[in-house]
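Take these sequences, add in the hints, and give me the full structure.
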Amino acid sequence: MATQIQDSSQGNGRVGELLSRITDDVKTIARGEIDLVRGELEKTAKTAGVEAAVILLGGIVALIGLGMLCVTVVVALAPVISSLALRLLIMAAVYLVLGGAVAASVGARLKRDVVPDLKVASYEGRSTIAGVRAAITQPEYMQH
1 MATQIQDSSQ GNGRVGELLS RITDDVKTIA RGEIDLVRGE LEKTAKTAGV EAAVILLGGI
61 VALIGLGMLC VTVVVALAPV ISSLALRLLI MAAVYLVLGG AVAASVGARL KRDVVPDLKV
121 ASYEGRSTIA GVRAAITQPE YMQH
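Each residue of the sequence shown is one higher than the one before, counting from 1 in our numbering.
Each hint should be verified, as a subset may be incorrect.
As the list claims (entries may be wrong) - The calculated label-pair distances, taken between Cβ atoms and stated as ranges, are: (1) 133 with 48: 32 to 38 Å; (2) 123 with 15: 30 to 36 Å; (3) 126 with 43: 19 to 25 Å.
Since the hints were derived computationally from the structure, they do not count as laboratory data.
We treat Cβ as the ideally placed atom computed from N, Cα and C, and that holds for glycine.
If you want it as structure tokens, here you go:
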């Protein structure tokens with residue numbers, strides 16, 4: 001009887017040790033997965049930042065160019081429309097419409113482009129969870 005109790009306590013010790021090792025492995029895997037996702041998000045954020053800076057610079061140059069074109073049109077319309085205020089008002093409306101259209105198209109593109117690509121991280125996370133489940137439910141996987 002004492003032998004059975006001793007064997008039982010050794011078995012519990014091995015199970016406890018295995019559970020401890022599994023827990024440590026799962027923690028390590030989870031940290032690795034989190035680091036992978038963090039890396040993917042950092043890469044996406046850097047790309048988005050660079051694209052935003054390029055778009056901003058291009059937008060500023062385009063805005064100045066459009067403003068200069070509007071001024072040119074205002075001057076060119078002088079023989080047709082004698083009132084300077086009316087010419088400025090017309091070109092301000094054109095300027096606002098064109099600027100709004102450009103801003104809307106750039107906003108739609110940014111919304112579409114800034115989605116992070118987490119396919120690899122998602123696949124690896126699912127594979128890890130499936131492996132842990134298999135190790136827990138099938139004892140032959142628990143042996144090293």
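Hints, verified against the model:
Taking the beta carbon of each, residue 133 and residue 48 are about 35 Å apart, inside 32 to 38 Å as hinted. One distance hint, 30 to 36 Å for the beta-carbon pair residue 123 and residue 15, holds here, with the actual separation near 32 Å. The hinted range of 19 to 25 Å is satisfied by residue 126 and residue 43, whose Cβ atoms lie roughly 21 Å apart.
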